[in-house]
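Based on the hints, put chain B in the right spot on chain A.
Chain by chain, the residues:
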Amino acid sequence: MSSPLRAVLSRLVKSVAVVLAIVLLNFLLIRLAPGDPASVMAGQAGAADQQFMDQLREQFGLDKSIYEQAWIYLKGIAQGDLGFSYRQNTAVWQLIAERLPATLLLTVSAFIFALIAGVVMGAIAAMNAGRSLDFIISVVSLVFYATPLFWIGLMSILLFSVYLGWLPAFGMMTVGAGYTGWDHVLDVARHLVLPATTLGLFYMAVYARMTRASMLEVRDMDFVRTARAKGLKSGPIVRRHILRNAILPIITLAGIQAGQLVGGAILTETVFGWPGIGRLAFDALLQRDYQVLLGVFLITSVMVVIFNIITDLIYRVVDPRMGASA
Amino acid sequence: MNASLRRFLTNPKAVVGLVILMLVVLAAIFAPVIFPRNPWQMASRPFLPPFQDAKFWLGTDMLGRDILAGLAYGAQISLIVGVASTVVAVVVGVLFGAMAGYYGGFVDDALMRVTEFFQTIPTFVFALLLVAILSPSVMSIIIAIGVVSWPPVARLVRSEFASLRSRDFVKAAVVLGQSNRQIIFSQILPNTMSPVIAMASLMVASAILTEAAISFLGLGDPNMMSWGYMVGAARTVIRQAWWMSFFPGIVILLVVLALNLVGEALNDVLNPRLARKGRQ
Numbered sequence: 001m002s003s004p005l006r007a008v009l010s011r012l013v014k015s016v017a018v019v020l021a022i023v024l025l026n027f028l029l030i031r032l033a034p035g036d037p038a039s040v041m042a043g044q045a046g047a048a049d050q051q052f053m054d055q056l057r058e059q060f061g062l063d064k065s066i067y068e069q070a071w072i073y074l075k076g077i078a079q080g081d082l083g084f085s086y087r088q089n090t091a092v093w094q095l096i097a098e099r100l101p102a103t104l105l106l107t108v109s110a111f112i113f114a115l116i117a118g119v120v121m122g123a124i125a126a127m128n129a130g131r132s133l134d135f136i137i138s139v140v141s142l143v144f145y146a147t148p149l150f151w152i153g154l155m156s157i158l159l160f161s162v163y164l165g166w167l168p169a170f171g172m173m174t175v176g177a178g179y180t181g182w183d184h185v186l187d188v189a190r191h192l193v194l195p196a197t198t199l200g201l202f203y204m205a206v207y208a209r210m211t212r213a214s215m216l217e218v219r220d221m222d223f224v225r226t227a228r229a230k231g232l233k234s235g236p237i238v239r240r241h242i243l244r245n246a247i248l249p250i251i252t253l254a255g256i257q258a259g260q261l262v263g264g265a266i267l268t269e270t271v272f273g274w275p276g277i278g279r280l281a282f283d284a285l286l287q288r289d290y291q292v293l294l295g296v297f298l299i300t301s302v303m304v305v306i307f308n309i310i311t312d313l314i315y316r317v318v319d320p321r322m323g324a325s326a
Numbered sequence: 001m002n003a004s005l006r007r008f009l010t011n012p013k014a015v016v017g018l019v020i021l022m023l024v025v026l027a028a029i030f031a032p033v034i035f036p037r038n039p040w041q042m043a044s045r046p047f048l049p050p051f052q053d054a055k056f057w058l059g060t061d062m063l064g065r066d067i068l069a070g071l072a073y074g075a076q077i078s079l080i081v082g083v084a085s086t087v088v089a090v091v092v093g094v095l096f097g098a099m100a101g102y103y104g105g106f107v108d109d110a111l112m113r114v115t116e117f118f119q120t121i122p123t124f125v126f127a128l129l130l131v132a133i134l135s136p137s138v139m140s141i142i143i144a145i146g147v148v149s150w151p152p153v154a155r156l157v158r159s160e161f162a163s164l165r166s167r168d169f170v171k172a173a174v175v176l177g178q179s180n181r182q183i184i185f186s187q188i189l190p191n192t193m194s195p196v197i198a199m200a201s202l203m204v205a206s207a208i209l210t211e212a213a214i215s216f217l218g219l220g221d222p223n224m225m226s227w228g229y230m231v232g233a234a235r236t237v238i239r240q241a242w243w244m245s246f247f248p249g250i251v252i253l254l255v256v257l258a259l260n261l262v263g264e265a266l267n268d269v270l271n272p273r274l275a276r277k278g279r280q
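Protein chains in written order, with the UniProt record's numbering: chain A, 1 to 326; chain B, 1 to 280.
In isolation and in its complexed conformation, chain A is listed as follows:
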């Protein structure tokens, strides 16, 4: 078996193991909650009579041993059963599936914005290292690195929506406008600007700092000097030689931070009323709807695992050394 294929396979096996571990952690978490899980769930359903609790106990196998319970839980998950929200009287899976596209749209837009803006800022700073432009970019990234995301969201609503009136502050589309086709796309895009920027600014700061550090490191390496000696212009050197190597640690970091991006989505969706799973998690949090919370945790974890596989593949494509050997 060729080594890249083996690497991808071992990555997949590892990912399956991680997902299994998350499922088990989920199973243990609900049992960590104070009191009997049946009474917790019955309390949420608003009916705590004995008959209903017995029914719940039987349904979740709470009268069986903990191993059997874990097995029942695992089987349920494998069949796509993430539990039932008695608060909303809907299957958890359905609640999440309805809201997943909105969250994906938000996080992916924020990520692309952060990556492009961050790398460009970092590259400009590195090429002007020690000058005032470098200093300004460094201060800006230091500040965004330290600013609470939810506060940036609120302040941007205040500025761009309340005072300037440029952009909508709430939701994903204009309610009742009934736009179709391109008008609908534009409407959603206008609603997306503030949330996506808010979520992306922190990561923009991270990527800018990292790109700068990484480019300064690569800049002095031998192969760059060789490229220069060959008579290449500085544009192609920066793009093809420095940036392509400097971007590798950023891809790794992006994979590691995918989980944090999801956490940021909860805050962003809460501030902007964005109808995604973050908003769902916030509502579930207020109502202590554990089934929904656990479902969101499981799905977002799986999203992160998938994202990690993708960044791993991108890394292989971008890494100049990988390209040479394949």
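I should point out that these hints are in silico values taken from the structure, not numbers from a laboratory.
Heads up, a few of these hints could be off.
Stated by the list, open to error - Each pair of labels, with its calculated beta carbon distance range:
hint	chain 1	residue 1	chain 2	residue 2	range
1	A	P236	B	D109	35 to 45 Å
2	A	D49	B	M139	46 to 56 Å
3	A	V139	B	F30	28 to 38 Å
4	A	D183	B	A54	47 to 57 Å
5	A	Y163	B	D109	40 to 50 Å
6	B	I29	A	Q94	48 to 58 Å
7	A	I136	B	R235	23 to 33 Å
8	A	Q51	B	S44	20 to 30 Å
9	B	N180	A	S65	29 to 39 Å
10	A	V188	B	R235	20 to 30 Å
11	B	G64	A	V175	27 to 37 Å
Unchecked claim - Calculated Cβ distances over 12 Å to all of chain A for the following chain B residues:
hint	residue
12	V15
13	A27
14	P32
15	S44
16	F51
17	Q52
18	M62
19	R113
20	V131
21	S186
22	N223
23	V231
24	R235
Fair warning: this is a prediction, and the values are worked out from it, not measured in the lab.
The beta carbon of each residue, even a glycine, is placed where N, CA and C say it ideally should be.
For chain B alone, kept in the frame of chain A given last:
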């Protein structure tokens, strides 16, 4: 040490950071003296704008509570949670990292898989779940943040241990018949502390951000005034009272910025070799 201390104290980043931190620590300690009234109590008329009443510089919220007093009391919980959760994370991370790096082999593999697992899961979602399940209190927030923040410490300590374990002074300790525990804690560990200290100050910063986010979502300790709670409570009245959310946010920003500056300065002084990487 004195030379390093002098270099640290003459570093402009460290000076700016330390001055801000000092002010916040003083505010937290003397909050009950400067603002004897309970910060949850009504102090003046509701929605008093800032800079209009000399007694309430930063105005009041929708229940007439003094914003400035809230900020001073909020400093207490931010600092307590920031420091305590970092201590939890450092203890767990050092134990995991030391064992993995010292013993290597199977122990290393097993512990590192656990570490990777905790790095993969969405940490903020996990922290929220823990606080919700354990029921919101200062204690549960500290535990939740500690549980999600230790992996970077474990990785750092592991790599230091792995490189130190074959050094001569460790071999000498083995020859002298010291137990593994003695070697880990009294020989190797002290040599790994400087990067850990620099990392810890950055961790306090991110713990404060996480605490603010948890409280913002309404999962804070219901008995303690917190900056995140103040911003969260101001969310619904943002159009009428910008100051209610503006000032707490600025304070969070300044404290986190100060801790990051101190952390970077510590990195510059304690690990000149790693200084550039620390800035990532």
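Now the hints, each set against the structure:
Restraint check, P236/A to D109/B: a C-beta distance of roughly 44 Å satisfies the suggested window 35 to 45 Å. The hint said 46 to 56 Å for the Cβ distance between D49/A and M139/B, and at roughly 33 Å that hint is violated. Our hint of 28 to 38 Å for V139/A and F30/B holds, since their Cβ atoms are close to 31 Å apart. In this structure, D183/A and A54/B meet the distance hint of 47 to 57 Å, their C-beta atoms being roughly 53 Å apart.
Our hint of 40 to 50 Å for Y163/A and D109/B is violated, since their Cβ atoms are close to 56 Å apart. At about 51 Å, the beta-carbon gap between I29/B and Q94/A stays in the expected band of 48 to 58 Å. For the pair I136/A and R235/B, the beta carbons lie near 31 Å from each other, so the given range of 23 to 33 Å is met. Checked against the given bound of 20 to 30 Å, the beta carbons of Q51/A and S44/B, roughly 54 Å apart, lie outside it.
For N180/B and S65/A, the Cβ-Cβ distance of about 37 Å falls inside the hinted range of 29 to 39 Å, so the restraint holds. Between V188/A and R235/B the CB atoms are about 23 Å apart, so this pair conforms to the stated range of 20 to 30 Å. Range check, G64/B to V175/A: Cβ separation about 34 Å, and the 27 to 37 Å hint holds. The claim that V15/B lies off the interface holds: its Cβ sits roughly 15 Å from the closest Cβ of chain A, which is beyond the 12 Å cut-off.
Every CB of chain A is more than 12 Å from the CB of A27/B (nearest about 18 Å), matching its label as outside the interface. Non-interface call for P32/B relative to chain A: holds, since the shortest CB-CB distance, roughly 26 Å, exceeds 12 Å. Even its closest Cβ contact with chain A, about 23 Å, leaves S44/B beyond 12 Å, as expected for a residue assigned away from the interface. The Cβ of F51/B lies farther than 12 Å from every Cβ of chain A, with a closest approach of about 18 Å, so its non-interface assignment holds.
At roughly 20 Å, the least C-beta separation between Q52/B and chain A is larger than 12 Å, which holds for a residue marked as non-interface. No Cβ of chain A approaches the Cβ of M62/B within 12 Å, the least distance being about 15 Å, so the stated non-interface status holds. Against the 12 Å criterion, R113/B falls within the reach of chain A, whose nearest CB is about 8 Å from its own CB. Non-interface status of V131/B relative to chain A is broken: a Cβ of that chain comes within 12 Å, the nearest being about 9 Å off.
Every CB of chain A lies more than 12 Å from the CB of S186/B, the least distance being 33 Å, so the non-interface label holds. Distance to chain A confirms N223/B as a non-interface residue, since its nearest Cβ pair spans about 18 Å, more than 12 Å. With a cut of 12 Å on Cβ distances, V231/B falls inside the contact zone with chain A, its closest approach being about 6 Å. At roughly 6 Å from the closest C-beta of chain A, the C-beta of R235/B falls inside 12 Å, breaking its exclusion from the interface.
Violated hints, in rising order: 2, 5, 8, 19, 20, 23 and 24; the structure is consistent with all others.
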